[in-house]
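S.K.: Note that the protein sequences, when read in sequence, are chains A and B.
Heads up: the first sequence begins at 1 in the working numbering, then just goes up one per residue.
Heads up: the second sequence begins at 1001 in the working numbering, then just goes up one per residue.
It cannot be assumed that every hint is accurate.
In silico negatives: residues of chain A with every beta carbon more than 10 angstroms from chain B [unchecked claim]:
no., residue
1, S16
2, A40
3, A83
4, E84
5, P125
6, G126
7, E140
8, L145
9, E147
10, R157
11, V160
12, D180
13, E203
14, A204
What the simulated footprint calls covered on chain B by chain A, stretch by stretch (three residues with Cβ under 8 angstroms from a Cβ of chain A suffice, anywhere in the stretch; the number is not a length) [said to hold, decoys possible]:
no., stretch
15, 1019–1027
16, 1067–1076
None of these hints come from the bench; they were simulated from the model.
The structure displayed is predicted, hence computed values, not measured ones.
Cβ atoms here follow ideal geometry from the backbone N, Cα and C, with glycine treated the same way.
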Amino acid sequence: MPHDHADDAPPHSLLSPEPALRVRALETLLTRKGLIDPAALDEIIETYAHKVGPRNGAAVVARAWADPEFRRRLLEDATAAVAEMGFTGRQGEHVVAVENTAEQHNMVVCTLCSCYPWPLLGIPPGWYKSDAYRARAVREPRKVLAEFGVTLPEGQRVRVWDSTAEVRYLVLPMRPVGTDGLDESALAALVSRDAMIGTALVEAPR
Amino acid sequence: MTEPVFEAPWHAQAFALAVSLEARGAFTWPEWTRIFGGVLAEHGLSRELDGGDDYFNAWVAALERICAEKGIAGAEDLRALRDAWEAAYLSTPHGAPVRIG
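The following block holds chain B by itself, in its conformation from the complex:
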C-alpha cells in the first residue's frame, strides 16, 4: 500500500477541482458520474484505458464538459487560458515561478 494516491500533481488538482465544485453545489455527484462515465466510455472505444493518465485525462475532459453544460466555464475562455499558461511556461526562466497576467 505504498503507491502514491496521486501519480502526478495535475491528477490531484483535477480531482480536487471536481470535489470542490460538487461541495459548492455546482453539480451533484450523480451528475458528475454520469458525465465522467460517459467520457470514459468514449475514450475507451479506441483502446483500453489505464487507471492513471488515461483515467485523469477523461476526468479533465469531463470537468470541461460539465462546466460547459452548467455554464460556468466556456470552452473558448478555457482555450485562451490554456494558451496563456503554455506561453508562460515557455517564457519563464527555469526555476522561476510560472505565472500568467
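Chain A with its partners taken away, still in its complex shape:
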C-alpha cells in the first residue's frame, strides 16, 4: 500500500471541497443574521441520519396488510392514517398510498427534484435523486424495473406516480403468499424501502 501523508503531510488543515466552503459561508452568514441556529441544524441531521427511515413506512404497510380497516383508511386518506401511527412532520403533509394489485404495479419518482415522503421513508437514496432514474422512470419503467431485478407479468400494467412538494406517494406492495401466520412486526421486517418506492417486490421469508 502506498504511504499516505506521514512524511509529506500538508502543514495546514485539509482544504474543504468547493461546495463545502460555500455551505460554510451560508451557515456563517445565516447564523450571524439569526436566521439559523447551528444546534438546530445538528438536530435535523441527527433526525434524518439516524431516526427517521423506511422502518416507519414498513410498519404502515404491515398494518395495512394485517388490518383491513386500516388499509381502507390508508387508501382513502394516507396522511390521516399514518398520523394515527405517529408519523407526521415535514414532507409528509399530503401522502397518498397507491396499492399494488395483480392488475397494476405502482412506482414512484420525482421528475422535478426528489420529493419523497420523509416521515415514512426518511431521505431518498442516491439513485432516486439521480438524473438517470428521474428521467427514465417515466419513459421506460419496465426497463428500469428490470435493472432493479423486477420483472412483472405482461398483463400487469405499470403506473408511474410523480411526487411533488404537494403530494408524495407511498407504494403499498402486495402481501406475499405464505405469510398468513406472521404478525405485524414480522411482516414489517419483509418490507424494504425499495418496495415502497415500487422498485422492488416483497417476498415471503424462505
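Fit chain B to the known structure of chain A by using the hints.
M.R.: Chain B alone, transformed into the frame defined by chain A:
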C-alpha cells in the same frame, strides 16, 4: 440498506440549512422545489447528474439562489465568507479547529 444517508458532511449541512430555513418560514417547500428543480435542470443540460455530489452541488447553488431572491444572503457577502473560510483552512495547522474571525 446500509448505505449512509449522507455521503459527506457538507451534504448533510446543506440539507439541514434548507430544512431549517423552511421551518423558520424563510421560504416554502414548493418555492424550494421550484428553484432546486430549476438548478438541477440547468446543471443537467451538460451531463447526467448523479444523486450524490452532483445533486448536492445543485442543492447548494439553489440555496444561494433562493437566499439571494429572498434578500437574506447576498452573493458578495457569501463570496467574502467563502474566501475567509478558505484562508482559514490554509492557515490553520493540521488537526486544529478551523475558525474564521
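S.K.: For each hint, tell me whether it holds in the structure or not.
M.R.: Hints versus structure:
{"no.": "1", "hint": "S16", "in the structure": "6 angstroms, violated"}
{"no.": "2", "hint": "A40", "in the structure": "6 angstroms, violated"}
{"no.": "3", "hint": "A83", "in the structure": "18 angstroms, holds"}
{"no.": "4", "hint": "E84", "in the structure": "24 angstroms, holds"}
{"no.": "5", "hint": "P125", "in the structure": "7 angstroms, violated"}
{"no.": "6", "hint": "G126", "in the structure": "3 angstroms, violated"}
{"no.": "7", "hint": "E140", "in the structure": "15 angstroms, holds"}
{"no.": "8", "hint": "L145", "in the structure": "18 angstroms, holds"}
{"no.": "9", "hint": "E147", "in the structure": "15 angstroms, holds"}
{"no.": "10", "hint": "R157", "in the structure": "27 angstroms, holds"}
{"no.": "11", "hint": "V160", "in the structure": "17 angstroms, holds"}
{"no.": "12", "hint": "D180", "in the structure": "26 angstroms, holds"}
{"no.": "13", "hint": "E203", "in the structure": "15 angstroms, holds"}
{"no.": "14", "hint": "A204", "in the structure": "19 angstroms, holds"}
{"no.": "15", "hint": "1019–1027", "in the structure": "holds (count 7)"}
{"no.": "16", "hint": "1067–1076", "in the structure": "holds (count 3)"}
Going down the numbered hints, you'll see the structure goes against 1, 2, 5, 6, while the others check out.
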